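Quick note, the sequences are listed as chains A and B, same order.
Residue numbers are given in this note's numbering: position 86 of the first sequence equals residue 90, and the series is strictly consecutive.
Residue numbers are given in this note's numbering: position 371 of the second sequence equals residue 375, and the series is strictly consecutive.
Check before you lean on any hint, since a few could be wrong.
Note that the list lumps identical chains together, so a pair holds whenever it fits in one copy or between two copies.
Stated by the list, open to error - Straight-line distance between alpha carbons at most 20 Å, and here's what the computed EDC-like set of lysine to aspartate or glutamate pairs gives:
1. K432 - E104
2. K275 - D285
3. K343 - E104
4. K134 - D146
5. K343 - E108
6. K201 - E221
7. K164 - E345
8. K117 - D466
9. K249 - D279
10. K448 - E104
11. K164 - D146
12. K201 - E345
13. K313 - E244
14. K313 - D285
Please keep in mind that the hints were generated in silico from the structure rather than gathered at the bench.
Quick caveat, the model's predicted, so the values are computed rather than measured.
Number of protein chains: 2
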Amino acid sequence: MKTMNPSLPLYLKVARSLEGQIQQGAFAVGDQVPSVRQLALLHRVSISTVLQAYFWLENKGWIEAKAKSGFYVRTPVQSLKPEPAYRSVESRPTAVTVGELMLEVIQAGPAAKISFSAASPSPDRLPMHKLNSIIRRISRQDPSHSVRYSFPPGSLALRKQIAKRSLTFGCGFLPEEITITCGAMEALNLCLRTIGKPGDVIATESPTYFSILQAIESLGMKAVEIPTHYRTGMDLDVLEHAITKHSVRGCIAITNCHNPLGFILSDERKKALVDLLARHDVPLIEDDVYGDLAFAPVRPRIAKSFDRKGLVLACGSFSKTVSPGLRIGWVQSERYHTKIEELKLITSIASPSMSEAVMAMFLESGGYDRSLRQMRAMFEQQVRSVSQAVSKYFPEGTRVSRPEGGYVLWIELPRGTDSVALFRAAIKEGISISPGPIFSASGKFRNCIRLNCGMKWSDELDRAILKLGRLI
Amino acid sequence: MKTMNPSLPLYLKVARSLEGQIQQGAFAVGDQVPSVRQLALLHRVSISTVLQAYFWLENKGWIEAKAKSGFYVRTPVQSLKPEPAYRSVESRPTAVTVGELMLEVIQAGPAAKISFSAASPSPDRLPMHKLNSIIRRISRQDPSHSVRYSFPPGSLALRKQIAKRSLTFGCGFLPEEITITCGAMEALNLCLRTIGKPGDVIATESPTYFSILQAIESLGMKAVEIPTHYRTGMDLDVLEHAITKHSVRGCIAITNCHNPLGFILSDERKKALVDLLARHDVPLIEDDVYGDLAFAPVRPRIAKSFDRKGLVLACGSFSKTVSPGLRIGWVQSERYHTKIEELKLITSIASPSMSEAVMAMFLESGGYDRSLRQMRAMFEQQVRSVSQAVSKYFPEGTRVSRPEGGYVLWIELPRGTDSVALFRAAIKEGISISPGPIFSASGKFRNCIRLNCGMKWSDELDRAILKLGRLI
Numbered sequence: 005m006k007t008m009n010p011s012l013p014l015y016l017k018v019a020r021s022l023e024g025q026i027q028q029g030a031f032a033v034g035d036q037v038p039s040v041r042q043l044a045l046l047h048r049v050s051i052s053t054v055l056q057a058y059f060w061l062e063n064k065g066w067i068e069a070k071a072k073s074g075f076y077v078r079t080p081v082q083s084l085k086p087e088p089a090y091r092s093v094e095s096r097p098t099a100v101t102v103g104e105l106m107l108e109v110i111q112a113g114p115a116a117k118i119s120f121s122a123a124s125p126s127p128d129r130l131p132m133h134k135l136n137s138i139i140r141r142i143s144r145q146d147p148s149h150s151v152r153y154s155f156p157p158g159s160l161a162l163r164k165q166i167a168k169r170s171l172t173f174g175c176g177f178l179p180e181e182i183t184i185t186c187g188a189m190e191a192l193n194l195c196l197r198t199i200g201k202p203g204d205v206i207a208t209e210s211p212t213y214f215s216i217l218q219a220i221e222s223l224g225m226k227a228v229e230i231p232t233h234y235r236t237g238m239d240l241d242v243l244e245h246a247i248t249k250h251s252v253r254g255c256i257a258i259t260n261c262h263n264p265l266g267f268i269l270s271d272e273r274k275k276a277l278v279d280l281l282a283r284h285d286v287p288l289i290e291d292d293v294y295g296d297l298a299f300a301p302v303r304p305r306i307a308k309s310f311d312r313k314g315l316v317l318a319c320g321s322f323s324k325t326v327s328p329g330l331r332i333g334w335v336q337s338e339r340y341h342t343k344i345e346e347l348k349l350i351t352s353i354a355s356p357s358m359s360e361a362v363m364a365m366f367l368e369s370g371g372y373d374r375s376l377r378q379m380r381a382m383f384e385q386q387v388r389s390v391s392q393a394v395s396k397y398f399p400e401g402t403r404v405s406r407p408e409g410g411y412v413l414w415i416e417l418p419r420g421t422d423s424v425a426l427f428r429a430a431i432k433e434g435i436s437i438s439p440g441p442i443f444s445a446s447g448k449f450r451n452c453i454r455l456n457c458g459m460k461w462s463d464e465l466d467r468a469i470l471k472l473g474r475l476i
Numbered sequence: 005m006k007t008m009n010p011s012l013p014l015y016l017k018v019a020r021s022l023e024g025q026i027q028q029g030a031f032a033v034g035d036q037v038p039s040v041r042q043l044a045l046l047h048r049v050s051i052s053t054v055l056q057a058y059f060w061l062e063n064k065g066w067i068e069a070k071a072k073s074g075f076y077v078r079t080p081v082q083s084l085k086p087e088p089a090y091r092s093v094e095s096r097p098t099a100v101t102v103g104e105l106m107l108e109v110i111q112a113g114p115a116a117k118i119s120f121s122a123a124s125p126s127p128d129r130l131p132m133h134k135l136n137s138i139i140r141r142i143s144r145q146d147p148s149h150s151v152r153y154s155f156p157p158g159s160l161a162l163r164k165q166i167a168k169r170s171l172t173f174g175c176g177f178l179p180e181e182i183t184i185t186c187g188a189m190e191a192l193n194l195c196l197r198t199i200g201k202p203g204d205v206i207a208t209e210s211p212t213y214f215s216i217l218q219a220i221e222s223l224g225m226k227a228v229e230i231p232t233h234y235r236t237g238m239d240l241d242v243l244e245h246a247i248t249k250h251s252v253r254g255c256i257a258i259t260n261c262h263n264p265l266g267f268i269l270s271d272e273r274k275k276a277l278v279d280l281l282a283r284h285d286v287p288l289i290e291d292d293v294y295g296d297l298a299f300a301p302v303r304p305r306i307a308k309s310f311d312r313k314g315l316v317l318a319c320g321s322f323s324k325t326v327s328p329g330l331r332i333g334w335v336q337s338e339r340y341h342t343k344i345e346e347l348k349l350i351t352s353i354a355s356p357s358m359s360e361a362v363m364a365m366f367l368e369s370g371g372y373d374r375s376l377r378q379m380r381a382m383f384e385q386q387v388r389s390v391s392q393a394v395s396k397y398f399p400e401g402t403r404v405s406r407p408e409g410g411y412v413l414w415i416e417l418p419r420g421t422d423s424v425a426l427f428r429a430a431i432k433e434g435i436s437i438s439p440g441p442i443f444s445a446s447g448k449f450r451n452c453i454r455l456n457c458g459m460k461w462s463d464e465l466d467r468a469i470l471k472l473g474r475l476i
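Chain A extracted, bound-state conformation (with noise of 0.2 Å):
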C-alpha cells in the first residue's frame, strides 16, 4: 500500500488503501469487495465515508455496484500506453506558419460527425437546463439586462463572484482589478497587446494551445517556443536563457489541466516560473480557463497567487465548465488594469450583458459549484475512457499524456506517423482531430495529435477510435 498524505480526506484514505489491494491482485474481476458495512467497521469510519470511498473508486472504473448486491471488481483497465517522451531543446524566435492548417482544422471540425478536435465538451455535458432557467429568470424578473450597456470593466455583480472565487485558487482579487471580456480569448489578446508591441518576443510552451499562437502572430509578434514537460511545464533554465537572449517581452502559460498536455504545475513549479519571471522583470500571462476542471479534489493554485511584483497577469473563463456561447472570460490585473480596460473598450466596447448577469446569478446561487462537482467526475472518467480506447487501438510505439484534468488528450504516435495527413484521412470517415504542427509556432510535433474527450463515452466514440487506429 501506498504511504498516505496525511492531509488527504478521510473517504480518500479508505478508497486509496482499497484501489492498492485490487492493484496488487488481492481483489481479482468479479469479486465481491467488502460490504459498505464491513469497511466502515474495519477503518472506524461512518457508513457514508466509505460510500463516498466507494463512489470515488467505481468513478475511477476499479469497481462496479451491481443490484441488491453490492459492489464487485469490474474488468481490468486496459493498461495505458507510455507517457509521452520529453526532449529539452532550444528554439529561436520564430514568426507562427501553421495558420492555414490550423483554419482547416477548425473549419473541418463542426461537419465532422465524431469531433475529436475542438477542446469543448459536447453541450449534453454542460448544464443548459440550469442556464436556460436562469435566463428565464433574469428575463422576467430584470428585463433591462437584455438591452444594458455593459461597459469595461462589466458587471459588478460578475466581478464581485469572481472576486469572491479567487480565494479558491490562492488568491484575494479585488473587484476593481478584473475586467469582463468577450471569452479568454479576447483576455490573452488584451494581455498580449498591452504588455507588448509588434516585433517583440513571447516566451510560449510548447506543444500550447494553437489560438494563443496564431494571436501572437497576429499582433505582428515573435513566439519562441519553450521546450515543455508534461508533468513539469516549461524548462525553466531554457526560458531563462531564452530571457537573457533574445529579450523576451512576455511569457504566456497554461498552468493548469494544460492544453495539450494535461498537466496541473505543482505550486513549487508555479512560484519558482513566477520567481524567474520576476527577476528579469517579464509579465507573465496565466491561462487558466482549465482550473476549476483539476480532477483532484482540491482546486489549485493559479501561478498568480505567488506574483509579489504584479507581474502575472491572470485570465480566466467560463466557457468550459458553463457555456462557450455566453462568451464571459475575465482577466485581472494591478499595474495592467488601466490599459486593458482602455483597450477592451476599444476592441468590442462590452461584453454581453445578459450573459454576464446569467453567470453571476449562477456563481451566486451555488449552482456553478454543483455542476463543477459533476462535471469534473464526469470528465475525468471520459478521459479515461479515451485513454483506455487509444491504449487498446492505436499501435505499438503510441505514448498517452495523463491529463491531471480538463478533458484532452496529448498522443504520440509512431516516429515517422504523419498527423496532418492521418487529420486529412480521417475527415473523410466523418472524424476531426487536432494534428500536432498547430501546437508549434515551427511546425513541430508532426508525429503528435490531441483529441478532445468533452463527449460522453458511447460504442460509436470506441469505434471512431478504433478507426483511427487502423489508419495510422
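Go by the hints and put chain B onto chain A.
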C-alpha cells in the same frame, strides 16, 4: 412654397405644402389648420393620405391635435441656431493623442445623472419587452442555444436575415460573405487589421467617432484627418491628395447618420467616394451602424452598393437599434472575408450564441422593422427637442447640426469656448457631455461638443441644457 421633389410620397407633398404655409405665416400659432376632409378635397387625395401628412407635421412639431376638435398650429418652434461652420484644411498623418481624455469622458458617463455623452439610447427607448419575450421563447423552444459554440462566421439564421435586409440598403449580400462579430467595434478592428499593419496610414473623417481613432492608434497605425463637411462629408479633393501624398492604406467613413455630424451622404457622394478610392485601389471600411435610423421614409443606400471592385468592407450592428447588450455586429466583404474570419477566430473565437438566436428571431418575425418605425419617429422628435433647447439656451455664436438620422447632435460653441473645461464643469453638476477634441486625432474641435439625444425628452433634460448654456 418650395419646389417639390416629384418622387416624394403623396402624403409628404401635402405635408410639406402645409409646412411651407405655416413657415410663411399663413397660419399663426393657435390657428386651426384645415380639417382632414377639407384638405383631402383640396389636394384630391384620400383621407388617409391627409392623416399621414398631419401625423408627420405633428411629429415635426408644427401642429398638435386637440381632442374632438382638430389640428392646430402649435407654439412656434424655436428658430434653430445656424449649422456648423466648415473649413477645409489639410492635415498630416498623426498619432492619435486623445486617449486619456476619451477614457475620462467614458468613465464619467455612467455616474452622471444626465448622460449626454454616450451615443446610446436609454433602455426605455429600446424594444426591451419584445426582446425578453423572444429570449424566453428561445430558451424554452431550443435551449441548446445557450451552450453552443458559434464559430465564425456565426449563426447562419442570422446571416440569412442580414443578407435579406441588405436589399434595403441597395446590396445583395450572400450569407456566406457575412461574419458575425461582437458588435460593430470588433468588426471595425478586424477590418483595420485585415487591410493594414502597424505604421500604415488610415484616412478618417474629421470629426469622427472617437473609438475609430483609438482603434487606429492601438493598432500602431496613423490617422490622416480629412476635413468633413456637415452635409456633404469628406472633402474628396483633400482625400485624393492625401492618398497620393501619404500612401494611405485604407479609409474609414460613416456614410449614414454620421457620428457626430448627423449627415447622410447622398448617393452621388457615396458613389464618388467609392469611385475615388477604387481608382487608387484603397479599401473603404464603411461603418453603417446608424443607417436604419434615418428619419426619411426610405432607408438610405450604403456606399458598398456602389462597390464594383470588392474594395468596400461594410460593417453594421444592432447595438444602436435593438440593444447594445446583445453585442451583435457584422461585417461583409468579398476578397477580405477569409482573413476577417481567421482574425475573428483568434481575437474572440465566437460571438454570443444566445444573442445571435435572439436577433435572428427578432428580424425574422418582423419585430425589428416594426420597432424601427417607432424609433425613427421617436429619435427625430428627441433630436428636435434637444436642438430647440440648445437654440434657446446656448449663447450667441452657437451653431447646431441638422441630423438626418440617429440621435447625436454636434454643437459648435462660440469661438474660444473650451469644451474640455465645460465637460469637467458639467460633470460636477451631474451632466456628462462629449467634448470635441476626442473626435479628432490631433485634438481639433476644442469649441465643439456632441450631445446624445437618445433619452426621452423631459423637463429634466430641458433644465440640464439650460444649465449647460449657463456654464458656457
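> Given a CA cutoff of 20 Å, do K134 and D146 count as a within-copy pair, a between-copy pair, both, or neither?
Replying inline: For K134 and D146, the Cα distance is within 20 Å both inside one copy (18 Å) and across copies (14 Å).
>> Reference check for the pair K201 and E221, CA-CA at most 20 Å: within, between, both, or neither?
In response: both (11 Å within a copy, 12 Å between copies)
> For K275 vs D285, is the C-alpha pair at or below 20 Å within one copy, between two copies, both, or neither?
Replying inline: within (15 Å within a copy, 53 Å between copies)
>> At most 20 Å between alpha carbons: which applies to K448 and E104, within, between, both or neither?
In response: within (15 Å within a copy, 43 Å between copies)
>> Cα distance capped at 20 Å. Does K343 pair with E104 within a copy, between copies, both, or neither?
In response: For K343 and E104, only the inter-copy Cα distance (10 Å) is at most 20 Å; the intra-copy one is 31 Å.
>> Cα distance capped at 20 Å. Does K313 pair with D285 within a copy, between copies, both, or neither?
In response: within (9 Å within a copy, 49 Å between copies)
>> Reference check for the pair K164 and E345, CA-CA at most 20 Å: within, between, both, or neither?
In response: Intra 17 Å, inter 34 Å, cutoff 20 Å: intra-copy only.
>> One pair to classify: K313 and E244, alpha carbons no more than 20 Å apart. Within, between, both, or neither?
In response: Classified as within; 18 Å inside a copy, 51 Å across copies.
> 20 Å Cα cut-off: does K201 pair with E345 within a copy, between copies, both or neither?
Replying inline: The answer is within: 17 Å in one copy meets 20 Å, while 23 Å across copies does not.
>> My question is about K164 and D146: at a cut-off of 20 Å on alpha-carbon distance, are they close within one copy, between copies, both, or neither?
In response: Close inside one copy (19 Å), not across copies (31 Å); limit 20 Å.
> With identical chains treated as interchangeable, where does the CA-CA distance between K249 and D279 reach 20 Å or less: within a copy, between copies, both, or neither?
Replying inline: Within one copy only: 18 Å inside, 51 Å across.
> Under a CA distance limit of 20 Å, which applies to K343 and E108: within one copy, between copies, both, or neither?
Replying inline: Answer is between; shortest inter-copy Cα gap is 13 Å, intra-copy 34 Å.
Consistency with the previously given hints is maintained throughout, with no hint failing.
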